[in-house]
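**Student:** Here the protein sequences come in this chain order: A and F.
Residue 1018 is where the first sequence starts when you use my numbering, and the numbers rise one by one after that.
Residue 3 is where the second sequence starts when you use my numbering, and the numbers rise one by one after that.
Possibly wrong hints are sitting among the right ones.
Short, incomplete list of chain A residues facing chain F, as computed with Cβ under 8 Å [claimed, not checked]:
1. E1139
2. I1142
3. S1160
4. A1162
5. R1233
20 Å max Cα-Cα, derived EDC-like pairs, lysine to aspartate or glutamate [to be verified]:
6. A/K1206 / A/E1178
7. A/K1156 / F/E88
8. A/K1092 / F/E87
9. F/K20 / A/E1178
10. A/K1127 / A/D1213
11. F/K83 / A/E1157
Ranges of calculated distance between the beta carbons of each label pair, as one might list FRET restraints [said to hold, decoys possible]:
12. F/A66 / A/I1210: 29 to 35 Å
13. F/L14 / A/A1162: 19 to 25 Å
14. A/F1047 / F/A66: 36 to 42 Å
15. A/T1059 / F/L27: 39 to 45 Å
Everything labelled a hint here was simulated from the structure, so no lab data went into it.
The beta-carbon is built from N, C-alpha and C at its ideal position, and this holds for glycine as well.
These are the residues of each chain, in order.
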Amino acid sequence: MSFEVTLKVRRYSKEKGSWWQEYKLNVDRFTTVVEALRRVKTEQDPTLSFRASCHMGVCGSCGMKINGKPKLACKTLIVNEGKKEITIEPMDNFPVIKDLIVDLDSVYRKMNKVIPRVTPPEEVIQGKAETRLKPEDQKELWSFAQCIICGLCYSACPVVETNKDFLGPAVLAMVYRFSADPRDTLGKKRLEIVDDPIIGIWNCRVAGSCSVVCPRNVDPSLAIQRLKEVSMK
Amino acid sequence: MIWFSKLNIERLLALLHKITGWTILGYLIVHVIFVNRLAHGELTEPEIFKYFLVLIGSIVVFHAMNGIRIILIETGHLIPKHHMEEPWIYYKPHRIYIWSMIIVTILSFFIGLYLVIR
């Protein structure tokens, strides 16, 4: 059974600035927002721009604000939104490039600051020793390692809005993930980086929205609170 | 102003913590000036001032209790030991603390109001 829905899309172009545009289309109960956008682009307006790739919540390309909340468009069923009119906007806290496409460069730059990789001891690198990850450690780190860098947590974070230098939820969750890894040797160095009063963990106001919007249940807010706890010891 | 997005109650608490913090600072400044003017006999205390103090009292109670909540979270006492299926903010002790905090703040307002009115 299909029903008609109106997609109200906040569009943007460098030349025209920002404006709202409405598209009507028939969808069924299995239609996701990203499928609806793709149909609009194919059938009604080829100029509509958005990012999408895997359509299964793995690549993290289709992050956008749907009815005011940051979500992955591929994991959002239109029927679950419970409205006949759905507003779709680009994510907050990122510069918009075109329509629903935002520039995530700032996240990647911040990520590079915290050395986002396991750095084993010298003997391990030389092949003279090996480090092992216990199953209980692996279980604990697994959830924090699920980040797909979709940017939804940055869009929801009220601190990023006022402090553009704040490392932010995804990067800090990554710091915890690598620092808590028993195979890593740079935990202390990373802690020094995130202890910074301007960019670091102490800017987090424990609003917890990053954890609520995370499509992979990474729980970045928990990672940040753990980092604070470790930092105080 | 994404502070006002309706996502979760902790976000609202974080915003209220900011607002109440600035309110308390503003009150302290006004308080010093007001008492000084009062001591010099340049002002008299209006009747409505008592009700204002009740409100300030509740604001202080909220700010203090929410501050303690944040300290408990940051020291690891109000967060789960392991990753949960849902976001940590739904951790039961944390939820209980939040609702206790809201109840105590509301009670403090009505107790203050009762003490002023009786």
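**Student:** All hints are to be evaluated individually against the structure, with a verdict given for each.
**Tutor:** Hint by hint, here is what the structure shows:
1. E1139: violated, 31 Å
2. I1142: violated, 30 Å
3. S1160: holds, 4 Å
4. A1162: This interface hint is violated because 11 Å lies over the 8 Å limit.
5. R1233: violated, 12 Å
6. A/K1206 / A/E1178: With Cα atoms ~27 Å apart, A/K1206 and A/E1178 exceed 20 Å; violated.
7. A/K1156 / F/E88: Judged against 20 Å, a Cα distance of about 16 Å means the pair holds.
8. A/K1092 / F/E87: This hinted pair holds, its Cα atoms lying about 18 Å apart.
9. F/K20 / A/E1178: Cα-Cα ~15 Å, so holds.
10. A/K1127 / A/D1213: With Cα atoms ~13 Å apart, A/K1127 and A/D1213 stay inside 20 Å; holds.
11. F/K83 / A/E1157: holds, 10 Å
12. F/A66 / A/I1210: 29 to 35 Å: holds, 32 Å
13. F/L14 / A/A1162: 19 to 25 Å: violated, 31 Å
14. A/F1047 / F/A66: 36 to 42 Å: 51 Å Cβ-Cβ, so the 36 to 42 Å window is violated.
15. A/T1059 / F/L27: 39 to 45 Å: violated, 56 Å
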